[in-house]
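Peer 1: Here the structure of chain A is known, so what remains is to put chain B in place on it, guided by the hints.
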Amino acid sequence: MSEVVSGSVGDVVAQRATFATPLALRSGASLPGFELMYETYGTLNADRSNAILVCHALNASHHVAGTYAGHPDSEGWWDNMVGPGKPVDTHRFFVIGVNNLGSCFGSTGPISIDPATGKPWGSDFPIVTVEDWVDTQARLADSLGIERLAAVMGGSLGGMQALAWATRYPTRIANALVIAAAPNLSAQNIAFNEVARAAIMTDPEFHDGRFYDEGVKPVRGLRVARMIGHITYISDAQMAERFGRQLREGLNYSFAPEFQIESYLRYQGEKFAEYYDANTYLRITKALDYFDPAAETGGDLARALRAATCRFLVISFTTDWRFPPARSREIVKALVDNRRDVCYAEIDAPHGHDAFLLDTPQYHAIVRSYLSRIGESP
Amino acid sequence: MSYAARADFSTIAGWIAPGAQVLDLGCGDGSLLAYLRESRGAAGYGIEIDDEGVLASIGNGVNVLQSDLESGLAGFDEQSFDSVILSQTLQAMRHTELIVLEMLRVGREAIVTFPNFGFWSHRLQVLRGRMPVSGKLPYQWYDTPNIHLCTVADFDAFCEERGFDVLDRVVLHETRRVNALPNLLGSLAIYRFRKSR
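Those protein sequence lines, which keep their order, are chains A and B. Each residue of the first sequence is one higher than the last, beginning at 1 in this note's numbering. Each residue of the second sequence is one higher than the last, beginning at 379 in this note's numbering.
These aren't lab readings, by the way, just hints derived from the structure by calculation. You can take every hint at face value.
Chain B is nowhere near these chain A residues, computed Cβ spacing over 12 Å in every case:
1. D47
2. E75
3. D89
4. R168
5. V195
Listed next, the stretches of chain A that the computed footprint assigns to chain B, with coverage defined by at least 3 CB atoms under 8 Å from CB atoms of chain B:
6. 342-350
7. 358-369
Using C-beta positions, here's what the derived DEER-type ranges look like:
8. T522(B) <-> G244(A): 36 to 42 Å
9. D236(A) <-> L505(B): 51 to 57 Å
10. P170(A) <-> R486(B): 25 to 31 Å
11. D236(A) <-> G541(B): 46 to 52 Å
12. R486(B) <-> T202(A): 57 to 63 Å
13. R555(B) <-> D300(A): 43 to 49 Å
14. R572(B) <-> E147(A): 43 to 49 Å
15. D300(A) <-> D428(B): 29 to 35 Å
16. A421(B) <-> T117(A): 52 to 58 Å
17. R572(B) <-> S372(A): 36 to 42 Å
18. R139(A) <-> T522(B): 58 to 64 Å
19. R486(B) <-> R148(A): 34 to 40 Å
20. T522(B) <-> A295(A): 46 to 52 Å
21. D11(A) <-> A421(B): 43 to 49 Å
Idealized CB from N, CA, C, for every residue including glycine.
The following block holds chain A by itself, in its conformation from the complex (with noise of 0.2 Å):
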């Protein structure tokens, strides 16, 4: 095997993307106009065939490789996968980031003006489902002057944004990878969301999603909706070998966090409530729940994919218990069915959801193959 050299994309800028047209959302309703925010990395060439469209999960942005000059901490949510010499290899793709429509990190979301008003949307900015990032998404990649991209990828809904992306555009669409994702949640997995939901609307600082004109914020839905969303990322055997029953001085009999796992959860909880807001976290599990591409065919995934003609990769973790492999063998067998063009590997991983992430060899070492190999067949 060639030694791999593999480095960061260094700074990067972020950028917007206007789009004046309206847009049709699946609920009926409409944006008069709507921006993104994206970043890309590498080159895209000549006959602008080298793109690569990176999907993110729920509390994930447009900043999925390099850093933002001056701040040396800021590296974006997917390094270990994209740059150069790495499995998504930006020597060789042009990799676009996106944030979706309805979040909260400069693509209009909530907190954007409702140009109508003149103040945020707030609990009025409409529900957007994974059909509705995807159109979005397209639109941004005429605007780059894509017609057709090389690769759409993601883990978990990033993973079924590249599944509807294959359906929805197929002729604009030359490979899927789908990682640790699933055809759609099961009702444990709606459980996990509303209990999440149940948090933030329950807050009092909520103000039934008006809280931006209160001054405040519901902080404390926000947490437990991100300390319930994390224990769904992580597997038992994970967060045993972690935390254990490890303590962090001794037990005061008081409801202050003495175990490891109770100061962690609230640490993470903590942390995210700083950055994210409420109502986009509110949209983002709504378009996970919604998300179900067998529902217009009755039920049969087989049919529902029949539309997609590109090549897939689908990937899975062991011990994913949100998405477990039995959810990606779903949709591997809908493609096979189709007799579609599909790799699917099932990664031996001790971390749960969260391992599309980390950086396991196999993993990575098959990312990497599987693109190595884009252009070069026929």
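Peer 2: Structure of chain B alone, referenced to chain A:
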């Protein structure tokens, strides 16, 4: 393009119709599927449990699905493939009979290849009181993955008892076809069979 083509590849390729849909169980690095794609225009999928095999198959541009054959072929519908191939893997399977029945459920035809335990050199080594080690069976008794070894005569009997139609049987040694005393002089057996009609 060259593959680590094994002796059984060209025999198998001769039984695959142009453009056929094939399923290769235990596909390793995907070289058989790549060979069938090039030589027969065949399409299909390989199934492999081993991480290295999955990675190598992806590198060879083969549609590989990481899965454990021991649990059957639940992800595949009845009679959905022209041929289901099990190349030099049968002897290492725990649920040998199950997988053969699964092959005939999913495929219109099954192709199975295995090292012939009845090969004269194996018999001689057993006569001398030792477990055989040979080119086709390169392992020592304590580290072998092969737990269900059989002879050509055993597999003939297996097919007959289950009422399978054996459509073709080729026994090789090295790359040569063995026609006389195949169970004694052949080291690799290749069968093509189906459910009797």
